[in-house]
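J.: Sequence:
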Amino acid sequence: MGIGLPLAAYPRGSIEKEDRARLALAEQLIAERKYNQAILALLDLLQANPDLFDAAEVLMEQIRTARAQYNAKFEELIKALFEENNVPKGLALIAELEELDPYPNEAVARALEQAKVGRELVVNMNRFNRIMDEAAALLAQGSYAEANALYLEGFALGRESFDQAEYGNILKNSVIGSLDSLQSAAGSFPAALEALGAAEGALQSALSPPSPLSLQREIGRLSLAAQELAGLEGTARSAGRNFQVQGGQIGERPAGRGYDSFLFFGAQLVLGRSGKPPEGIAAVFAAARETAVSRQKQALLSAADALWQEGLTEYRGGSYPLERLTAAASMYAASLRLFSLWALGLEAPLSMGTPDSVGREAAEYLLARERIRAARGYEELAGIGRAFAPWKAGVLPAPEAIQLARQTLAGLRNRVAVVEQAGGDGAAALGAQARASGFILNGAAEQDLALQEAARALRGQVEEVDLRLLASFAGSSLERLAGLESSYRARYQEGVALQQGVQTPSRLEKYPERALAAYNRLSAELAVATEQAGLLAEEIAGETAYLAASASLQESVQGLAALREGLAGLQAELAASVGSAQAAALQAGRYRQEGLLREQEARRNLNPLREAAAREGLRNAQEAFDRSLEFQEDPEVRRLRDETLPQLAARIDQAVNEKVISDVRALITDGRNRFRLGDYSSAEQVFLRARARWSDTHPEENPEVALWLDWTRSAIQNIAGRQIALSNPLYPQMSQLYNLAFQEFQSARGLVEARRVQEAIVLLDKAIERLEQIRVLFPYNSEMQSLMLRIEQLKDPDGFRNILDARFRAALDKRDASPQESLGELEVIRLLAPSYPGLQNAIGSLRVVLGLDLRPPDPAKRERARRLYAEALGIYNDRNRRSQLPTALERLNEAIALDSDFIDALTLKDRVQILLGGSRQQFLSSDDQRRYKEAEGYFLGGQLTAANAIVQQLWANQRNRGYPPLIDLKAKIEARL
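Counting with my numbering, you get residues 1169 to 2145 for the letters of the sequence shown.
Please note that a few of the clues may not be correct.
To be verified - Below, simulated BS3-like cross-link-like pairs (lysine-lysine); rule was C-alpha separation at most 30 Å, straight line: (1) 1982 <-> 1963; (2) 2029 <-> 1963; (3) 1963 <-> 2101; (4) 1444 <-> 1241; (5) 1241 <-> 1185; (6) 1444 <-> 1257; (7) 1934 <-> 1963; (8) 2138 <-> 2101; (9) 1241 <-> 1202; (10) 1185 <-> 1202; (11) 1257 <-> 1241.
What the hints assert, rightly or not - Computed Cβ-Cβ distance ranges for the label pairs, DEER-style: (12) 1702 <-> 1582: 22 to 32 Å; (13) 1331 <-> 1295: 10 to 20 Å; (14) 1235 <-> 1334: 18 to 28 Å.
Honestly, the hints are just simulated from the structure, not real lab data. C-beta: ideal position from N, C-alpha, C; glycine also.
Could you put the whole structure together from the sequences, leaning on the hints where they help?
T.: Encoded structure:
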């Protein structure tokens, strides 16, 4: 932590020596993170010399900054332990807090020490989560008493720690008081639950058969029981909130940050965990109350609904006393009292439409209210129906009474209109209320609309009698327009078929532009027919004389309305199809243009060749043309997709293939040189790069590269153990042993030169001991073997020739049984005696045997390679035999395997490969691409058999076998079949 320089705030000499010492002490305490002691030191300083306030303030700001960091980290600890339940994270945060302030005050130290007791914390946390989960399951299945009892068990968690903590009487008394209130409420819950159940049973009895007085009495009883439970719920929620508040005060105390697990657990046992469905003791009380009230309310509404439906059947059947509708209205009125109970669980006034429960209860309330209102409307309509019944049955008044009868009918029609208007206004008002509040009306508006419809139907009956003397109407005019409508629909479907696609043997072809032309012609004719229908409707509306003369006029009017509706519907469908056809044609054109641009982009990157850019342009062109054809079939676009692009792809592939072949040849040459220099590991990496580069245009293996990789890896394997790799874990130890042995050898050589032989022998023996430790683990290590031999030479220079002869013969004897070991010993001899007779020949033979050097081809193999080359050259030079180029390539690969230095064969092989081109394909034909997408979709959907069938069909085309995505999909399918 950086420490400021408050002493510099005053000129030297202006502060007493004692004050300087106090400031220095405060700085030292801050540096040691002893913040509490530093604060006390600064207070002493200010009491002694208030003029040093600015200097002290600089140091206090440093303390406040450190404390702010500490407090933020402590908040993370609380969240990790009690919200995320992540104990490992909490322990890590505790370590950070101890690093920030190694000397916290007593309260914080106790809180951290409590949090570090990992086992107890984990046990409590696990027990808490188990209680919460098990109780939530009981709550979900309606076992409210059991859930309540299980939640109460959780208050034992952390209680001992809370009781031992010194929080002060005010906080503890507040918590204990809330806990007592909660336990009292929880103890009263079973009895309250039983009383609620008894009230439910009594209300059920009052429903069979329904009695208005009994219903009102038992609904009052149920209301009292529900209010009792609501009071228990309020007590529980108050206690839970107090646990939260007091827990928060512990965390914000001036003495330092802290927490209390008992209060954290207690608050969640009452109010539930954050992010979970409703749970906790308060939720148990609420669920018990809401379930009972909702169950009885639904039972009452179901009984009323049944009577309502029976009453509507009575009305529609012409039975006008309507006893069942009246009884249903009484039950709906009784149910309105239950709706007031839903708000008991709300903790504060809520705006309309906020919780789902508000909207649900309001919707049911509105439905009941509207059915009560509708019952009065049906009673009015029933009275009209009773007055109208004789005329409806065909009993008409005497001729002299017709005018009076029509006046009566007009009065009845006006009364029906009042009910009809009331139904429409009610539905509109409810609709406006729903839009303003966000409620779902759940059928309330439909009651008014049904009443409106019933009134409208009755008005139609009145008008039918009033219009019985009218003449028949001109229905025949509808026949011609109906025939036109039928023909228009048939033509419209023809256009839709063109737009949606015509199935051909190979694909689905869409023609939105042709469909658009047909739509435009049809739209003009349809507009004329629609205008004629409108004029006919206006004419009929104005022909009052016809209305008075024809009994079939109403049917004609309805037929005309249906016709106009049909024409309007067809016009709307046509407009939508025109829009979609225009959009499809536009998209097809855009993608066609995109494809042309990308095709030109690919051509520009062909010369000079920019491989990645050329292939990307080609791929983008293919995708654009495919998308264009998905929107609209276009012979020109299909020609570009299936002819032009493959030709361009072939040119790109040819250019890339030539570059790949050149690159691979250069890499093979580089690898060969490294191999011959003995740098086998480096050679292997070069050959791997050659193989990777070859795969850019050829999915199959390059035999020449594979051959050199085999040789290189064989060589690497055969020299394994000669050197100790730097990456070997034993390298440091072995290197130290060797260096010590070498130092001892050097010292011994100096002693020998000084004629202190016995001292030299002691050092040499120590060196041999160290080298023997290396030999145990790395018996073929060349440095160890060389130094051992040099030590023998130093110890016995006169007899060293005999030793060397013996080592040479022993190495030769091992050539067949252990060629690697034999070669290692011979090369060690070469380090000391490079001109030893027969040594070079022996080493050369063993290197060939072990693959470290290539064996010169024998004359027979070389001759065989020349014949194969001649055969391949004959095929290459004969243009009529170009189809046999794959055979020529096989001959050349075989020749190179026989004689890897056969330059003519290497050169001809590259030329043949350039002519053959790469076998890796960039994309499929448009039809095959579509089929590939189908197979891919089947595979992703788990339909492996269908996917495999399509893949096998595509695989039958030899060209498709070079398409990497198809190769990959085929392998995935075969792996899962």
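J.: It remains to establish, for every hint, whether it holds in the given structure.
T.: Here is how each hint holds up against the structure:
1. 1982 <-> 1963: Cα-Cα ~26 Å, so holds.
2. 2029 <-> 1963: violated (51 Å)
3. 1963 <-> 2101: violated (80 Å)
4. 1444 <-> 1241: holds (26 Å)
5. 1241 <-> 1185: violated (39 Å)
6. 1444 <-> 1257: holds (22 Å)
7. 1934 <-> 1963: holds (13 Å)
8. 2138 <-> 2101: It holds: about 13 Å lies between the C-alpha atoms, which stays within 30 Å.
9. 1241 <-> 1202: holds (18 Å)
10. 1185 <-> 1202: Holds, at roughly 23 Å.
11. 1257 <-> 1241: holds (12 Å)
12. 1702 <-> 1582: 22 to 32 Å: At roughly 30 Å between Cβ atoms, residue 1582 and residue 1702 fall inside 22 to 32 Å, so the hint holds.
13. 1331 <-> 1295: 10 to 20 Å: holds (18 Å)
14. 1235 <-> 1334: 18 to 28 Å: holds (22 Å)
Taken one by one, the earlier hints fail for this structure at numbers 2, 3, 5, listed in ascending order.
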